[in-house]
Structure formats: structure tokens, C-alpha cells
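Following the hints, put chain D in place on chain H, whose structure we already have.
Number of protein chains: 2
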Amino acid sequence: MENKNISILGAGLVGALASIYFAKRGFKVDVFEKRPDFRITNSYGGRSINLALSDRGWLALEQVGIAENIKKISIPMYGRMVHYQDGQTQLQKYGLEGQAIYSVSRGLLNTELITLADSNDLVKFHFNEKCEHIDLHTNELSFVNSTTNRNSTINPDLVLGADGAFSVLRSAMQKTDRFDYHQWYLPHGYKELTIPAKNGEYQLEPNALHIWPRGQFMLIALPNLDGSFTCTLFLPYEGTVSFANLHSTENIIQFFKDNFLDAFELMPQLLEEFEHNPVSSLVNISCYPWVHNRAFLIGDAAHSIVPFYGQGMNAGFEDCRILNDMMDNYNSWEDILENFQKSRKPNADAIAELARRNFVEMSELVANKRFQLRKKIEGRMNTLYPDQWIPLYTMVTFSPHISYSQALHKGLKEDAIMEKILNIPGIEENWQEMDFKEYLDNK
Amino acid sequence: MENKNISILGAGLVGALASIYFAKRGFKVDVFEKRPDFRITNSYGGRSINLALSDRGWLALEQVGIAENIKKISIPMYGRMVHYQDGQTQLQKYGLEGQAIYSVSRGLLNTELITLADSNDLVKFHFNEKCEHIDLHTNELSFVNSTTNRNSTINPDLVLGADGAFSVLRSAMQKTDRFDYHQWYLPHGYKELTIPAKNGEYQLEPNALHIWPRGQFMLIALPNLDGSFTCTLFLPYEGTVSFANLHSTENIIQFFKDNFLDAFELMPQLLEEFEHNPVSSLVNISCYPWVHNRAFLIGDAAHSIVPFYGQGMNAGFEDCRILNDMMDNYNSWEDILENFQKSRKPNADAIAELARRNFVEMSELVANKRFQLRKKIEGRMNTLYPDQWIPLYTMVTFSPHISYSQALHKGLKEDAIMEKILNIPGIEENWQEMDFKEYLDNK
Numbered sequence: 001m002e003n004k005n006i007s008i009l010g011a012g013l014v015g016a017l018a019s020i021y022f023a024k025r026g027f028k029v030d031v032f033e034k035r036p037d038f039r040i041t042n043s044y045g046g047r048s049i050n051l052a053l054s055d056r057g058w059l060a061l062e063q064v065g066i067a068e069n070i071k072k073i074s075i076p077m078y079g080r081m082v083h084y085q086d087g088q089t090q091l092q093k094y095g096l097e098g099q100a101i102y103s104v105s106r107g108l109l110n111t112e113l114i115t116l117a118d119s120n121d122l123v124k125f126h127f128n129e130k131c132e133h134i135d136l137h138t139n140e141l142s143f144v145n146s147t148t149n150r151n152s153t154i155n156p157d158l159v160l161g162a163d164g165a166f167s168v169l170r171s172a173m174q175k176t177d178r179f180d181y182h183q184w185y186l187p188h189g190y191k192e193l194t195i196p197a198k199n200g201e202y203q204l205e206p207n208a209l210h211i212w213p214r215g216q217f218m219l220i221a222l223p224n225l226d227g228s229f230t231c232t233l234f235l236p237y238e239g240t241v242s243f244a245n246l247h248s249t250e251n252i253i254q255f256f257k258d259n260f261l262d263a264f265e266l267m268p269q270l271l272e273e274f275e276h277n278p279v280s281s282l283v284n285i286s287c288y289p290w291v292h293n294r295a296f297l298i299g300d301a302a303h304s305i306v307p308f309y310g311q312g313m314n315a316g317f318e319d320c321r322i323l324n325d326m327m328d329n330y331n332s333w334e335d336i337l338e339n340f341q342k343s344r345k346p347n348a349d350a351i352a353e354l355a356r357r358n359f360v361e362m363s364e365l366v367a368n369k370r371f372q373l374r375k376k377i378e379g380r381m382n383t384l385y386p387d388q389w390i391p392l393y394t395m396v397t398f399s400p401h402i403s404y405s406q407a408l409h410k411g412l413k414e415d416a417i418m419e420k421i422l423n424i425p426g427i428e429e430n431w432q433e434m435d436f437k438e439y440l441d442n443k
Numbered sequence: 001m002e003n004k005n006i007s008i009l010g011a012g013l014v015g016a017l018a019s020i021y022f023a024k025r026g027f028k029v030d031v032f033e034k035r036p037d038f039r040i041t042n043s044y045g046g047r048s049i050n051l052a053l054s055d056r057g058w059l060a061l062e063q064v065g066i067a068e069n070i071k072k073i074s075i076p077m078y079g080r081m082v083h084y085q086d087g088q089t090q091l092q093k094y095g096l097e098g099q100a101i102y103s104v105s106r107g108l109l110n111t112e113l114i115t116l117a118d119s120n121d122l123v124k125f126h127f128n129e130k131c132e133h134i135d136l137h138t139n140e141l142s143f144v145n146s147t148t149n150r151n152s153t154i155n156p157d158l159v160l161g162a163d164g165a166f167s168v169l170r171s172a173m174q175k176t177d178r179f180d181y182h183q184w185y186l187p188h189g190y191k192e193l194t195i196p197a198k199n200g201e202y203q204l205e206p207n208a209l210h211i212w213p214r215g216q217f218m219l220i221a222l223p224n225l226d227g228s229f230t231c232t233l234f235l236p237y238e239g240t241v242s243f244a245n246l247h248s249t250e251n252i253i254q255f256f257k258d259n260f261l262d263a264f265e266l267m268p269q270l271l272e273e274f275e276h277n278p279v280s281s282l283v284n285i286s287c288y289p290w291v292h293n294r295a296f297l298i299g300d301a302a303h304s305i306v307p308f309y310g311q312g313m314n315a316g317f318e319d320c321r322i323l324n325d326m327m328d329n330y331n332s333w334e335d336i337l338e339n340f341q342k343s344r345k346p347n348a349d350a351i352a353e354l355a356r357r358n359f360v361e362m363s364e365l366v367a368n369k370r371f372q373l374r375k376k377i378e379g380r381m382n383t384l385y386p387d388q389w390i391p392l393y394t395m396v397t398f399s400p401h402i403s404y405s406q407a408l409h410k411g412l413k414e415d416a417i418m419e420k421i422l423n424i425p426g427i428e429e430n431w432q433e434m435d436f437k438e439y440l441d442n443k
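If you're matching them up, the sequences are chains H and D in order.
Anchor point for the first sequence: position 80 equals 80 in the working numbering, and the numbering is continuous, going up by one each time.
Anchor point for the second sequence: position 269 equals 269 in the working numbering, and the numbering is continuous, going up by one each time.
Isolated chain H, as found in the complex (with noise of 0.2 Å):
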């Protein structure tokens, strides 16, 4: 590894981090970002669902020695919070006791990430610095500065493309030959809405996630540090309930008491919010290969997934603490880059996948009584063989030593072994005194 300089287009969540890794290994890191510093603007201006950080993401903090930073700035969720339409609740409970997902807010990780960053000596953030051309031959990229107008080149060893869904270098590459490409949007659109709190008090138990499923669309919420609630309504952009047909104080007002009535009584700037706040598309983006000569890309630049498995964040932390193994394990860039892309992009597919059909399960299964059965056998499973009975969500949540195609791999075949437990006569009753033990042969 002759290369000891690397520029990161991006200063986004896992730029921030990937900077550190780089730094940690002594290399001299500039990192590019075209948005303001956001530790001065104090303004935020991207994607903002609230974020919730699982061990994929946390292993990969560790590493760099940076976890406990961020855990003063997150808040545990142990389960879901079911609203049904009648109100009545129920907590489902992620994992075993102690596991967890934690809230945290986006903008606050990222400055949280810049400032830990930029404490190294060995990294320098360039901020308003719009990536205008890169030639990937040469490794040479072109900026303007937005606010001085400037023109700049540089011309690095090495370029990470961190620069998200509509990242720059992963257009460059999508021009040359054979690269294969592919961006879709799922039908449904969100919009953020506010639970605010009360008197500096969290108006729904704080250390959960909230679910209002309803089917063909949901709301969510997740608790911040003030004692507010961040809000997504997920709802389809056209048909008969949809963000279209939803186009009148009345039909807002009706739409949220006929299916959010709990949560809508706690929502006083309801309908200032929903006419201010934009409706942001969901997408889906694979490509490949992610490497052209020493340019590379990592995190949602290579694989932007939807929200709905609360995944894309960590796998893109997980891209960086694995990007590192591979500069343990190999010598030369173009072993490290290949490895990195071979052992990556089954990873990057399966969670893409899981999260497509985590949208059912959030918006529609969750209320649903079989499948509640189900997660409490699969529990019990869980307890009596806990090296040979792993549910999918703890795969991928709390197992960071499973990959993510594994998890999909074992989770196809739990489907098939549970799908035969549930048909048992009298599973309803009796599950708390068998053993299963006759399924898991079956595996």
C-alpha cells in the first residue's frame, strides 16, 4: 500500500467515518462536501428520517474507538410499539433483554462524526466544494466553491466516492463501459411530522419505536433527545389513499383521526407541518462494479436501500470497518479494492432485499396475529437453541458477525421451517410446551 493520500467526496455520515478510518491508518484525508459545514449553519440540509443505529453500526464505531460518543447522543429502543386504529397498544420486544436499536438523529451524528473527524490532524474538510468533473484516468477532480466561485483541482492517490444516492463519481462511472446500473422508486412517498413535547416530557414512552400499521401505508416515530417524537408518514403518492388524495385541511384532519387518532391528538402544528414539509421519494440503487482504477464508492453512493429494515446507515458503517479488514489482509490497492467489491456487494443486495420486504412487515404484519405468534415461538426457539435457532431480525440487527446474505440465506429457510410450525394442530395453545426440536434437525 504505496498510496498514502485519499480524497472523500462526501462529509456526510459515512464519509465522516471512512475519514477517520483513513486517518487511523495514517493517511492524509481531505474530505469535499458541496453543502455548508454543518457544525456553523446548524442546519441540516439532506435526508432527515430519524436514524436508528444497530451493532452493525456500533461494531463499526468501536473500532475506531468512537462508540461512546455517539451513545450519549442516542436513545435506546428496546421494540416496537404497535397503535392499533383502536387505540390499544403493544410493545414487541426486538431481542432479549438489554438489546436494542437507538434513535439518533442524523444532523447531530453527522457534526458529532466532522468534529471527532477534524480533531485528527491528518484530516482536512473542504465544505461548500462542488465536485463540477473527475476524470477517472487520471484520478483528477474538479471543484467550485460556492461561495467564492473558485475553481480548484486536486489530484489524489486515492478517491472514496461517499457522496450518497446522487453521488458524482458513481455518475462518472455509470458513462463508462459495462458498468451496470440501476435506480427505482417504490410507489410510496414520506413526509416528517412532529410529536412534540410536553412540558420538556416525552408524550409516548420514549424507548421505543412507534408503529401505527395500516396496511398499505404507516406512521412511524422515534424518540429525540428534547422529548420530542420524529414522525414519517409512509403513504403511496397516487390511488385512493395517497398523498394526491390528500389535498384539503379536512381530508388531512379526517385521514389522521380515522387512522392516527392517538398520536394526531398529540400533533398541534399537524397541518402547518404538513403543508411545509416536502414528500421525498423512496429509492432503490445497485450498481456495479464499484471500483474504477483508484476510484471506489461505499455507503449509499454504491447501494441505496429504503429505510424500512433501519439498515442503510449501518451497512454503510459496515462497508468502512470491512474496507479496513481488507487493508489488513492485502497488499496492493487493487486487491484490497477487488476483495472489498467481491465480499461486499452480495451484502449490499441481501439487505437491499430485506429492507424492500421489511415495508410489509412494518406496515402490515406486525398487527397481524400469526405473525405475533410466530415471533413468540421463534423467541422461545431463539432461548432453548440460541446457537441454532437465530430469528432473522436479530441476524441482522444484533449479529454483526452474520453478513447480511447469510442472514437472508438462513432467514428463507426459517421462513419454510415456521411456516410448518404455525400449521401445527393446536400451535396456538400448546407452543409454550414444545421443543421444536424435530425442525431444527430440518435445517
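Where hints are given, some of them may not hold.
Only pairs whose alpha carbons sit at most 27 Å apart, straight line, appear in this in silico BS3-like list of lysine-lysine [unchecked claim]:
id : chain 1 : residue 1 : chain 2 : residue 2
1  : D       : Lys28     : D       : Lys130
2  : H       : Lys175    : D       : Lys345
3  : H       : Lys175    : D       : Lys34
4  : D       : Lys24     : D       : Lys124
5  : D       : Lys191    : H       : Lys175
6  : D       : Lys93     : D       : Lys124
7  : D       : Lys175    : H       : Lys34
8  : H       : Lys130    : D       : Lys175
9  : D       : Lys72     : D       : Lys24
10 : H       : Lys375    : H       : Lys410
11 : H       : Lys413    : H       : Lys345
12 : D       : Lys175    : H       : Lys191
13 : H       : Lys376    : H       : Lys413
14 : D       : Lys420    : D       : Lys376
15 : H       : Lys93     : H       : Lys124
16 : D       : Lys369    : D       : Lys342
17 : D       : Lys175    : H       : Lys175
18 : H       : Lys124    : H       : Lys198
19 : H       : Lys124    : H       : Lys34
20 : H       : Lys437    : H       : Lys410
21 : D       : Lys130    : H       : Lys130
22 : H       : Lys24     : H       : Lys124
23 : H       : Lys71     : H       : Lys175
24 : D       : Lys72     : D       : Lys130
25 : H       : Lys345    : D       : Lys175
26 : D       : Lys130    : H       : Lys175
27 : D       : Lys198    : D       : Lys130
28 : H       : Lys437    : H       : Lys93
Source of the hints: derived by calculation from the structure; they are not laboratory data.
Bear in mind that the values here come from a model prediction, so they are computed numbers and not experimental data.
Just chain D now, with coordinates in the frame of chain H:
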């Protein structure tokens, strides 16, 4: 239809034909092409697989009265001539007596279409004009002339992107929200080679499309007017038998002797051509929507397909005819364009799928006894029940009033029926006496 001026990007086959269609309706048409005028340079810098014009293409040409002009530069091919490894050949007819597909040189055809279009005062061609920017809100187009370096802008009522697989208009659309886009490459590449004329004479049967089917790869040859054949070798990029492994003179000669001995003996320039001609990639492109305000895509810009059904150009020409029908049937551009894309998209998807599948038919099945028997039985059924049984190849190639998606749909049903018929004990001997009536009723 208040708008009477249109700018077409691309003077390729579809752009040139579209200009004729629009001029016939009284539009003022400007066609912008980044390459030099093909009529002057006499060199043609585009994809050059020899093309096969079939009934969909002819119908689109007839509707603007230019089919006869094109027939003069086309050579009918009544069937496939299969060349077996042992040197034997076998002619497999494409359809009924007189039904043919027509070999035509892309360069000659394009030149003829431009000449025909240019004879209309309403059409103006602008060569060497590279489109640098498209504003999808205002329909403002910016060009730079590659010979004069002069910049120009134009602001037409309508913009038609007929600018092929690497469409500039589609690139602009790709940056708009909720634009679905997919480009993916086959593992195969292709290389063009030549079987020259001998004393001005064809060295193979001229009225056939020659195929050397070898499973994972194949060679094909289409006749030219001058007595030569343009050959195309389709071969994987990587692997045991691949372009990557044909790296020495000995390799190449041995490969051709082993697999295409009869052709090899007719190719005196093989080694020079093999070295000089590039390996080109094979891309699928699909996207949606095709329309953004008053700008829209057509032909390869909207749907690039692989060449194995000989339908890429025919589908693009059919786009022109269907668009013209929509202008007959609707009055506003909103309705015309919306109905155009809604109607064409499923057909573009269907021919893309059919084309991918046909690689297996061309490179493998045509040499397969069971497949040949199937073709014979289908021929008999088509003769007995011409309205009830139309073989898939005939629907796609000779039945322009059956849409591609109908053809695909009916073809799948036919597959299921033929599976049953081919499993009838003794079918090999008895098929000529059978009437297969009971199988028809299953349709």
C-alpha cells in the same frame, strides 16, 4: 395540437424517420446530430451490426411512403442457414413462402433516410452539434458545434430524444425525481468480421441469415449488396472460451478452425480484422417515464435491447408509427404523450425480454433436434389453423398488428402447449398425420 415545431436529438435511424413523420404533419423540424454528416464523410461512427428489417419496420416506412426506396438497398433472407460443426448446413425457413427479413447496412439505410427527410423543406439537419445542456422546465437546449466551437441555444415547443442508448435527454431525465432507470450488460461482447466477395460473387447463399450456433457463443453472417457478408462473433468477455482467452494468433486460428472451419476458409483478413476491430458490449436499457413536460424519448433512448431478435430498429420505427397514431387520436400533447408512453412501455419491455431469450434460440436451440421438430409441428399447425396458431417468431417478425406484449403472452401459452405435444409418444414419426385440434382448444 397548437405546437408546430419540434427539435429532434439524433439523426440516427429513428430520429431521421421521426423527422419525416413530423414533417408530413406540417411540423417545422430541426434535427441535431453530434456526428458529422454521414452523406459527406461516408464513414459511419455508430454501432454497425448489420440490421434485419422486418414487417414492423416496413409498415412504419410504408406509412410515410418510403418503403420502396429502402427495398432497393435491402436483401431478403428467407431463413436461417445453420452451419454445424461438421460443416453440414441446413436451411430453416423463417415463415411461409415469400416471407423474409431483409438485410440492410445501417450506414446505407441511415444515409437514405436523411436524404429523404432532407428533401422536405420543413426539415433541417444540423450536424456536428453536441447537446451540452437541456433545461427540462423551459425546453431550452444548448449546443456546441464541434467544428466551429460556436455555442447556440434553441427553445422548441417539443423536444424528441432519438439520441440512442447514451441519450443526453435521458441523462437529464435521470436526475429528476422518481425516474426509474436500469442499464445492464450481457456477459457477451461482439466483434465484427468479414467474408469478402470473390470475383464480385457471394461465397455463401445470399438470401439467408447464416448462423454457426455453438452454445455459449456463435457466429452470424448477413449479406451485403457488394457480395460480401458482415459477420459478427458473439462470445463471452471472460471465461474458458472468451475474448480474454483469444490473445494470440495461434489461439485465434485454432478457435476458428475448431468451431467455424467453413467460415474460416472464406475469411482471408481474419487476423487483421480480429486485431483491428473492437470488442463491443451489449447493453439493455430500460427506463420510465419517457415523457417530461414537452420532452420525450423514443427508440433506443427509451429502450435499448440486445440484437438477438433483430427487432431493435423495428421497434424504434414502430414507435414512430404509434406516435403518429396517437397524434391522430388525441388533441393535446399531454394526452398524446401520456398515451404514447403508456401504450409503448409494455411492448418495449416485452421485446427486450424476447430479445434476451432469443440468444439461447440462436446460439443453441436451432441446432437441437427437438427444437427443429417443434418448428416443423408449429409450421403444420399454422397451415392448418392460420388464425388460431401463429408461431411466436411469426408474431414478432411478420405480424405488425399483434403487439410485442401480446406476442410474448401468446408465446408463453404456446410453449406450454408444445411441451405437451412434444411429449406425445411417437410424435417424431406421427406428427405429419396429426391435427392437434384438441391442443388448440386448450388455448
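Here is how each hint holds up against the structure:
Annotation: proposed proximity of Lys28/D to Lys130/D holds, straight-line Cα distance about 20 Å (limit 27 Å). With a C-alpha separation of about 24 Å, the suggested pairing of Lys175/H with Lys345/D holds against the 27 Å cut-off. With a CA separation close to 17 Å, the supplied pair Lys175/H and Lys34/D stays within the 27 Å bound. Using a Cα cut-off of 27 Å, the hinted pair Lys24/D and Lys124/D holds, with the two alpha carbons roughly 14 Å apart.
Distance hint between Lys191/D and Lys175/H is fulfilled; the C-alpha atoms sit about 21 Å from each other, no more than 27 Å. In summary, the hint linking Lys93/D to Lys124/D is not supported, as the alpha carbons are separated by about 42 Å, beyond the 27 Å threshold. With a CA separation close to 17 Å, the supplied pair Lys175/D and Lys34/H stays within the 27 Å bound. Distance restraint check for Lys130/H and Lys175/D: the Cα-Cα separation of roughly 16 Å lies within the 27 Å cut-off, and the hinted pair is therefore satisfied.
In summary, the hint linking Lys72/D to Lys24/D is supported, as the alpha carbons are separated by about 23 Å, within the 27 Å threshold. Note on Lys375/H and Lys410/H: the hinted pairing holds, with a Cα-Cα distance of about 16 Å set against a maximum of 27 Å. At roughly 22 Å between alpha-carbon atoms, Lys413/H and Lys345/H fall within 27 Å of each other, so this suggested pair holds. A distance of roughly 21 Å separates the Cα atoms of Lys175/D and Lys191/H; the hinted pair therefore holds under the 27 Å criterion.
For the suggested pair Lys376/H and Lys413/H, the alpha carbons sit about 18 Å apart, so the restraint of at most 27 Å is met. Of the supplied pair hints, the one linking Lys420/D and Lys376/D holds, its CA atoms being roughly 15 Å apart against a limit of 27 Å. In summary, the hint linking Lys93/H to Lys124/H is not supported, as the alpha carbons are separated by about 42 Å, beyond the 27 Å threshold. Annotation: proposed proximity of Lys369/D to Lys342/D is violated, straight-line Cα distance about 41 Å (limit 27 Å).
Using a Cα cut-off of 27 Å, the hinted pair Lys175/D and Lys175/H holds, with the two alpha carbons roughly 14 Å apart. Between the alpha carbons of Lys124/H and Lys198/H the distance comes to roughly 41 Å, so the proposed pair goes past 27 Å and is violated. Note on Lys124/H and Lys34/H: the hinted pairing holds, with a Cα-Cα distance of about 14 Å set against a maximum of 27 Å. For the suggested pair Lys437/H and Lys410/H, the alpha carbons sit about 17 Å apart, so the restraint of at most 27 Å is met.
Proximity of Lys130/D to Lys130/H is assessed by CA-CA distance (about 25 Å); at most 27 Å being required, the pair is judged to hold. Taking the CA atoms of Lys24/H and Lys124/H, the gap is about 14 Å. The hint holds against a cut of 27 Å. The straight-line distance between the Cα atoms of Lys71/H and Lys175/H is roughly 41 Å, outside the 27 Å bound, and the hint therefore fails. Of the pairs offered as hints, the one joining Lys72/D and Lys130/D is violated, with about 32 Å between alpha carbons and a cut-off of 27 Å exceeded.
Taken as a hint, the Lys345/H and Lys175/D pair is honoured in the structure, with Cα atoms around 24 Å apart against an allowance of 27 Å. Among the hinted pairs, Lys130/D with Lys175/H is consistent with the structure: their alpha-carbon atoms are about 16 Å apart, no more than 27 Å. A hinted pair counts as satisfied when its Cα atoms are at most 27 Å apart, and Lys198/D with Lys130/D does not qualify at roughly 41 Å. Pair hint Lys437/H plus Lys93/H holds up; C-alpha atoms about 24 Å apart against a cutoff of 27 Å.
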